[in-house]
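Number of protein chains: 2
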Amino acid sequence: MDKYEKVIELAKRRGFLWPSFEIYGSTAGFWDFGPLGTALKRRIKEIWIDFHVIRGGFYEIETPTMCIEDVFVASGHVNNFADLMVECKKCGEAFKVDSAMEKCPECGGSLGEVCAFNLMFKTSIGPGSKRIGYLRPETAQGMFVDFHRLLRFYRDRLPFGVAQIGKVYRNEISPRQGTLRLREFTIAEVEIFIDPRKTEHPNFEDVKNVVLQLYPAKEQLSDGKTLKLSLKDAVEKGIIKQQFVGYHIAQIQLFLLEIGFSQEKIRFRQHKNDEIAHYAIDCWDAEALTDRFGWIEIVGIANRGDYDLKAHAKHSQNEMTVFVPYDKPITRERMVIKPNMRAIGRKFKDNAAKVTEALRTLSLDQFEEGTIRVGDEVIPLTKDLVKYELVSEEISGERVLPHVIEPSYGIDRIVYVLLEHSFDEEEVEGERRVVLRLPPNIAPIQGVVLPLLSRDGLDKKGRWVERSLRKNGFLVDYDESGTIGRRYRRHDEIGTPFAITIDHQTLDDDTVTIRDRDSMKQIRVLIGDVPSVMGELIAGGVIFEKAGTLI
Amino acid sequence: MDKYEKVIELAKRRGFLWPSFEIYGSTAGFWDFGPLGTALKRRIKEIWIDFHVIRGGFYEIETPTMCIEDVFVASGHVNNFADLMVECKKCGEAFKVDSAMEKCPECGGSLGEVCAFNLMFKTSIGPGSKRIGYLRPETAQGMFVDFHRLLRFYRDRLPFGVAQIGKVYRNEISPRQGTLRLREFTIAEVEIFIDPRKTEHPNFEDVKNVVLQLYPAKEQLSDGKTLKLSLKDAVEKGIIKQQFVGYHIAQIQLFLLEIGFSQEKIRFRQHKNDEIAHYAIDCWDAEALTDRFGWIEIVGIANRGDYDLKAHAKHSQNEMTVFVPYDKPITRERMVIKPNMRAIGRKFKDNAAKVTEALRTLSLDQFEEGTIRVGDEVIPLTKDLVKYELVSEEISGERVLPHVIEPSYGIDRIVYVLLEHSFDEEEVEGERRVVLRLPPNIAPIQGVVLPLLSRDGLDKKGRWVERSLRKNGFLVDYDESGTIGRRYRRHDEIGTPFAITIDHQTLDDDTVTIRDRDSMKQIRVLIGDVPSVMGELIAGGVIFEKAGTLI
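Chains as they are written, first to last, in the numbering used here: chain P, 491 to 1041; chain G, 491 to 1041.
Among the hints, a few may not be true.
Chain copies aren't distinguished; within one or between two, either way the pair holds.
[To be verified] Straight-line C-alpha distance at most 25 Å; calculated SDA-like pairs for lysine to any residue:
no., residue 1, residue 2
1, K496, F643
2, K950, G547
3, K877, L854
4, K688, D723
5, K951, R545
To be clear, the hints were calculated from the coordinates, so they are not data collected in a lab.
Starting from the given sequences, assemble the full structure and let the hints guide the process.
What follows is the structure, encoded as structure tokens:
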């Protein structure tokens, strides 16, 4: 078994992940999150929200997963969001065309014509088939379509950002990578609308020394080496094209470290010219190192430029610009024309008033186009009819079409990779010990309460500890079956970081032991202090080796 | 404007809710949650999880919103999940048939034939149309399909429950109730699998005195009065048919009170015989009182019996029972037959061995059916061929098909109703003051930081307070534009419970004021204490009138 198989075996057996619809034979691209997988995923989502919404200041919104056709006609998905596909003439199996295939990889049959297959799921809204609906392949379009509402919420000022976590759907032709290529999955995206002339980030100083492992397009085409650079250097050398994008690349790394990634297993790979979307200005993938699949994308960040807003503005006939006031109004001199009353009077007599009126409405440009029509008469415009005058105008600002920076996280892949990175096996006293070394802040079950015996009042004390932890918001388990060693192993395997054991000493002095999953060390604490000690342990505020002094 | 209109006007203008796809003309049944609506909805979901998963002990799972056809063929949705529909022959408009309609309500045209319209959105999975997918109209089926995995996770013991929050979809024919009738919405469900012979709830004592406003089927058909009863009385009188269902009705009420409902605006209405699903044993709706729509369902609770597991067992050919061991094995005496060798020898001679062998495999029932075939010969079974013997058997337990209790919460309706119930208008100093009296634990923005001036260092102190609150997990806003009175009003209107004002005294003694939205009273606290005081205020641990002593 390779690591992928070991992780998936554990994930299925213990309730992290399993294929959907198993009793009906399953279908590729659909996986369920079981009780532990959902708890793990929920923690990651909670930290994502805390990082981006609470601390980051981007409000979250929620738009439907089903969209009307207009949205994806405008965005280009209806025409372009497709993979090339080929079907085997013999067995009928469909394949995504990745490279030159001649014979069916399943049965050796000959293949049909290559055609494009749109990856959006299509349906009809309401009775009949006249109103087409698509399941969104990204959350982004829901935010672009809401641009006016969001701009107003942010009181008409750039930059602003909005976040969204939700399901997206891609009707893959024949997904073959287990949990890593899903047809329905969860992404967490931020769309940051910026003034394209202001690509410096106000808080760049805070993160400029963050060291990144970068794999720029140039290195991919030459020596294949990654570069270790501070963000500041990467931006100054022009490898990352803008400070604003650079700031958010650093934020992606900080978030990934916060949920337990180690820096050596993350790199940022720049899109090469042949893969970058035609409209995008700069794109990077945060990639994580996996055992079977090598480096895989877990987060993407794109500078989408003005592509999306322009597309929706055009398709919906709504302007999607922002009025950006100048710091102080500027004064501009402009040449204008004014009717020369005397010359007009001389030349047009009875029609003079009408000609004067017509000239008043003309701009300089229009005047120079040559003629006006007064009644049935076409009058050639000659310079003697007007006076040229310089006037001063005060201009308070201008309308700007924002650019969009978009960090986009694949939450399900992050869940899988964290499981794989945490998976560890070791020999302890001649036995194989499997441990998921998940950081305490993301572990699905944060603590397990273990009465040494299920009698003598140990069980009652145990239930009391369980309840006090639940009341304080901890997701805990209670387990009284089997030997204590077996119960420790059971929880090591699912990554429970702390085990609270109720023993006979508990009955004497109201203390319990807390065992640390990784060091297997134990401390004793007062039973009433368990919730607060757990809080500190999970927040990482207490180093376990020192925690022994807490009693 | 009635209250619905007032609430929706506020919701749209301030960023709680607005119709989806507005720039493309919108489509009935789809609404976006804006920044404040999403924050409000997130808090309700968080409290729901805390209540049911953390404190309640039901693990959460996540199954796909898109399901393969088998799932809904088995559940009956493909055949039965439909509304009656009629189309206008003149204008083509489609209508749900609610009552006797003769002419089109839109144009007065004549109507076509009534037909059934299935309310599931249908699509195809992968290329071609051979694999049908449906968007789920409830999360429940995902849990039933996972029954074996879940049972194993819970170590083969009943009762157990699993929770799920997620999107569901109903392709309404022509939804006409704004945010209250959506085609895509969020529900939060628990499926509790119980032993049908054990309908008493182990923690019934904890909630037996909870007083409920009940509207039983009988009262709906007679005097139309609701009954105020303790849970205990309601169960004893047989109005609520089982303790287990009663326990969860009380839990629903406790949850609704926790997120801010007042008890007078909640009632539990029992399904009448003509509306209850044919398989269900007892069904109740928790209804909330609204201004325009009267009592509307916000939560349902159903005892689904064994309908779903039986249906999936049949369709998938998988047994879906639980082996329930007896407390101690029981011994049962059973009559068996044994071949009477001597009689057989006499009667069948050469064939005696074969007849003996055939008789050994027969049960008593089979023996009494009458004949056996030995070779080509049919032998009538007569009593003299066997001896009857009583044997003792030890039986350790039996297989049980669980029943399912399902509380199901409509999260989007709860959001709307809480907005409506919180909406308040009053005259203050001759001005109209609109206040959303949302409880602090669900208010989208928990506090707003207001520097009296945007200079003199007040802004810097303000930003410091904002950051310290965000670091501590509070969703706060910072607002320095306009008069302080106008800023208070702006936040009263969106329900921000606390306003932290930085004034000149802050520069002298590092204190700030905290203003309570509802009483408009203020207290002064040390700037460094703001996060902890906010925590206590939001948790409701400090009555504001007494909080003045905190300084």
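Going through the hints against the structure:
Taking the shortest alpha-carbon separations for K496 and F643, only the inter-copy value of 19 Å comes in at or below 25 Å, while the best intra-copy value is 48 Å. In this assembly of identical chains, the alpha carbons of K950 and G547 lie at most 25 Å apart only when taken from different copies (17 Å versus 45 Å within one copy). For a Cα distance limit of 25 Å, the shortest separation of K877 from L854 inside one copy, 11 Å, qualifies, whereas the shortest one across copies, 122 Å, does not. Taking the shortest alpha-carbon separations for K688 and D723, only the intra-copy value of 20 Å comes in at or below 25 Å, while the best inter-copy value is 68 Å.
In this assembly of identical chains, the alpha carbons of K951 and R545 lie at most 25 Å apart only when taken from different copies (17 Å versus 39 Å within one copy).
Violated hints: none; the structure is consistent with every hint.
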